[in-house]
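Novice: Between the sequences and the hints, there should be enough to build the whole structure, so can you do that?
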Amino acid sequence: MGRPKGALEWRGSTLLHRTAALLHRTVGGPVLVVAAPGQELPALPAAVEVVADPVEGLGPMRGLATGLAALDGRAPAAFVCSTDLPFLHPALVRRVLRGFADPDADVVLPVARGYRQPLAAGYRTALAPLIEKLLAEGDLRPGMLFRHCRVTQLDDDTLLADPDLARLDPALDSLVNVNEPDDYAAALARPEPEVVVERFGALASGGQRGPRTVRAASLGAAAAAVGIALDRHVVAAVNGDQMTRDPHLPLVAGDTVAFLSADAGG
Amino acid sequence: MPAGGYFGKALVVDIGDRAATSAPLALADAVLRAYLGGVGLGTWLLHRLAPAGVDPLAPPAPLAFVFSPLVGTPLTTSAKFAVVAKSPLTGLLTDALASSRFAIAGKLTGHDAIVVRGRAAQLSVLLVDGDGARLEAAPELAGLSAAEAEAAVRERFGRGWQTAAIGPAGERRVRYATISHDGRHAGRGGLGAVLGAKNIKAVLVRASTRVAIADQQAVLAAAKDLRERSFGPATAKYRELGTLANLLAFNAVSTLPTRNFTAATFDGAHRLAAEELHELRGVARNSCASCSIGCEHIYSRKGGGQQRMEYENVFALGPLCGVSDPDDVFAASARCDELGLDTISAGGTIAWAMECAERGLIDAPWLRFGDGAALLRALDMIGSREPGLGELLAQGSRRAAATVGGASIDCAPQVKGLELPGYEPRTLQAMALGLAVNARGADHNRSGAYEADLSGEHDRLNGGAAQVVAAVGTEDRAAVMDSMILCKFLRGVFDEPFAEWAALLRPVTGWDVDAAELRATARRIVLAKRVFNQREGATAADDTLPRRMLETPLELGSGRVAALTADRLRAMVAGYYAERGLDQEGRPSREAEAALLLGG
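Note that the protein sequences, when read in sequence, are chains U and Y.
The first sequence begins at 9 in this note's numbering and counts up by one.
The second sequence begins at 6 in this note's numbering and counts up by one.
I should point out that these hints are in silico values taken from the structure, not numbers from a laboratory.
Just so you know, not all the hints are guaranteed correct.
Using C-beta positions, here's what the derived DEER-type ranges look like [claimed, not checked]:
| hint | chain 1 | residue 1 | chain 2 | residue 2 | range |
| --- | --- | --- | --- | --- | --- |
| 1 | Y | Glu-596 | U | Gly-36 | 41 to 51 Å |
| 2 | U | Glu-140 | Y | Ala-520 | 30 to 40 Å |
| 3 | U | Gly-46 | Y | Ala-508 | 42 to 52 Å |
Glycine included, each C-beta is placed from N, C-alpha and C at the ideal position.
Specialist: Have a look at this one:
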């Protein structure tokens with residue numbers, strides 16, 4: 009691509025910001041970005057933490073070990089992904105993480121769209137020492153890790169048996185990555201996702217009541233689509249979850265955005 | 006010479022069998038400056054005048070009507086008064102605000118507060134003006150609603166008097182009875198029962214004097230500026246739809262307590278929404294005296310009549326009881342007004358009883374979630390203290406659960422005995438802390454920590470250190486607003502609240518008060534309430550939430566789960582104690598307590 013993929017512009021922010029913010033709105037626990045030594049990163053959501061790899065050039069296994077070790081004691085398992093998944097959907101993340109309901113699963117690995125997807129998969133954080141050992145022995149490929157632990161594979165049919173995923177990401181576009189400039193251009197050319205926007209209270213006066221469907225890849229775009237300024241008097245919630253007025257919060261197909269008055273007194 | 010806006014004295018009225026005597030209690034400038042008025046000064050008065058351990062319904066228990074330096078000025082929303090007493094519901098300090106002309110007339114009797122003690126031999130009214138206090142027997146008022154009693158005393162004593170009255174629930178000492186003036190209630194904590202226990206149906210006040218203001222021109226200029234700002238976007242919600250605008254929004258963000266806190270969304274919410282009712286039933290908008298916001302929205306009732314509806318009464322008598330028919334909720338709200346019942350405690354207690362009945366813990370098979378007729382029947386039983394269920398529920402959910410036993414206390418929606426308002430603690434975890442530690446009990450007016458939860462600046466599902474700071478901050482701001490007094494619906498217009506409030510107080514009082522002093526005042530008031538409660542037996546064990554909130558997570562529409570564990574709440578409470586300079590048991594140091602000026 010000629011430059012770090014994480015820094016590629018994406019709907020007003022960057023691919024890295026979009027990925028990190030999407031994971032932050034999806035999971036209850038910490039979100040970590042693993043950076044190469046000295047790597048400059050584009051802006052990230054405030055709650056996202058950054059840890060640096062101790063050495064450069066050892067590939068994704070090195071980052072995996074660093075990230076899982078940093079989560080030791082804070083989360084039993086993690087969804088791990090690359091930064092170049094512009095259509096990653098929370099429904100896929102949740103489906104993968106549900107694989108850890110099986111206490112015997114060390115790795116929950118999608119095998120979909122014709123490939124194994126080790127960079128859109130779930131890993132037990134307790135695997136960090138094993139990965140360090142493999143790295144020390146010169147095994148830098150994820151496939152080596154899978155030989156030493158219990159892997160639950162999720163093929164296309166298994167993934168799409170999840171009704172939420174089947175409804176919200178039926179083509180499993182969550183696993184589409186951008187490796188070449190043409191991939192990136194094609195991704196950008198896709199229409200923004202359809203989301204439902206609803207205004208409440210004083211924001212709904214003047215005949216603005218009721219849900220509206222708009223195309224918007226971010227909260228800012230959704231607000232603009234319905235003529236709302238995200239100032240201090242307005243907050244929003246996506247799917248009834250966290251309150252925010254972050255215009256860069258990524259939206260995905262099936263989201264419902266509520267805009268309401270910031271003053272909740274009464 | 007007292008500071009501007011003050012008379013420098015309270016009137017302490019002792020009611021005997023057939024007569025009342027009164028005497029002034031001097032209020033030193035240092036005390037007024039330390040506690041301002043309203044809730045703050047009321048707390049100081051309770052420390053001074055309430056015997057330790059007093060039964061709130063016994064004659065020696067004082068009930069204070071407290072005014073403030075801003076009352077009577079042209080500053081918008083300042084026509085408010087506090088009523089402060091030891092609560093028969095919680096056994097701790099309670100303070101409630103109401104508004105309008107009673108505040109102005111009461112202050113212009115020439116007193117910064119009127120404190121009532123004793124008990125009359127028969128149902129009476131108390132009249133206070135510049136000549137002091139007098140008692141008049143009024144047995145003919147028995148059983149009247151507060152509004153009817155106000156009309157009757159106006160007929161009997163003339164239009165020059167402003168009246169605060171109780172309904173039948175107060176006469177019967179229902180532990181969450183209200184005191185009301187002109188349809189607005191000092192609602193929380195059972196103040197109506199305290200007045201009823203004194204055999205006082207109504208307190209009448211008549212303006213007899215003027216109060217000096219330090220710099221009249223500066224006050225007029227400040228009032229003009231504040232009035233203009235009160236028309237801005239920060240108050241649009243209140244003007245356009247009123248507090249009921251919360252209902253549909255809270256439902257959308259999973260924080261609308263439903264069916265006794267077993268859910269945080271309600272499938273019938275749209276039927277009760279302000280947006281819907283405004284179009285179909287809205288008939289008028291009203292405001293308190295001296296208010297430019299006008300938050301009160303009046304709706305027509307099927308079959309005739311009108312009803313003022315607020316978020317809290319609709320939440321408590323609607324979703325919390327599973328009732329979605331607006332006419333049922335209108336009727337229940339009207340019934341609470343007639344009886345003089347706090348709608349939050351009434352709804353919370355009945356919702357708890359509905360759950361107990363459905364689980365077989367209470368023998369009332371007719372009492373079911375969603376049944377509007379059952380809701381009305383239960384309210385009538387409470388108002389009349391009907392033997393059995395009415396008597397049980399008139400005690401509030403905590404006492405009732407103690408009688409019913411079993412695990413019923415775990416789902417009693419109360420903190421310190423006060424029923425929870427319409428803010429789900431599991432999805433608003435700064436508010437969870439505010440509800441747990443507040444002196445009044447589960448309360449949204451003395452702790453507005455939901456502001457932080459809904460601001461978008463904090464993780465509302467994961468309470469921690471940031472939520473502690475936010476909860477302390479909103480509690481402090483409320484302490485000053487409730488003591489100055491200004492309506493909290495104005496709070497969004499202030500960018501630097503303590504500095505701007507000091508700028509309002511300076512021309513009224515003549516004091517050189519600044520933001521730092523008001524911050525210290527806030528902390529003093531909060532601490533003084535806590536010290537009063539500890540004197541009355543409160544401990545750190547009271548700073549918690551019902552077990553249901555701590556053991557049963559809620560699933561959100563997003564797929565995430567909202568869980569508030571006992572450990573997380575304990576950690577936040579410990580952080581709150583540290584932030585307030587309290588020890589691990591929530592107690593202040595001797596030095597801090599001595600600095601409260603509680604001795605005078």
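Novice: Taking the hints in turn, state whether each one holds.
Specialist: Hint check results:
Between Y:Glu-596 and U:Gly-36 the CB atoms are about 42 Å apart, so this pair conforms to the stated range of 41 to 51 Å. With their beta carbons about 54 Å apart, U:Glu-140 and Y:Ala-520 fall outside the hinted range of 30 to 40 Å. The given range of 42 to 52 Å is respected by U:Gly-46 and Y:Ala-508, whose C-beta atoms sit roughly 51 Å from each other.
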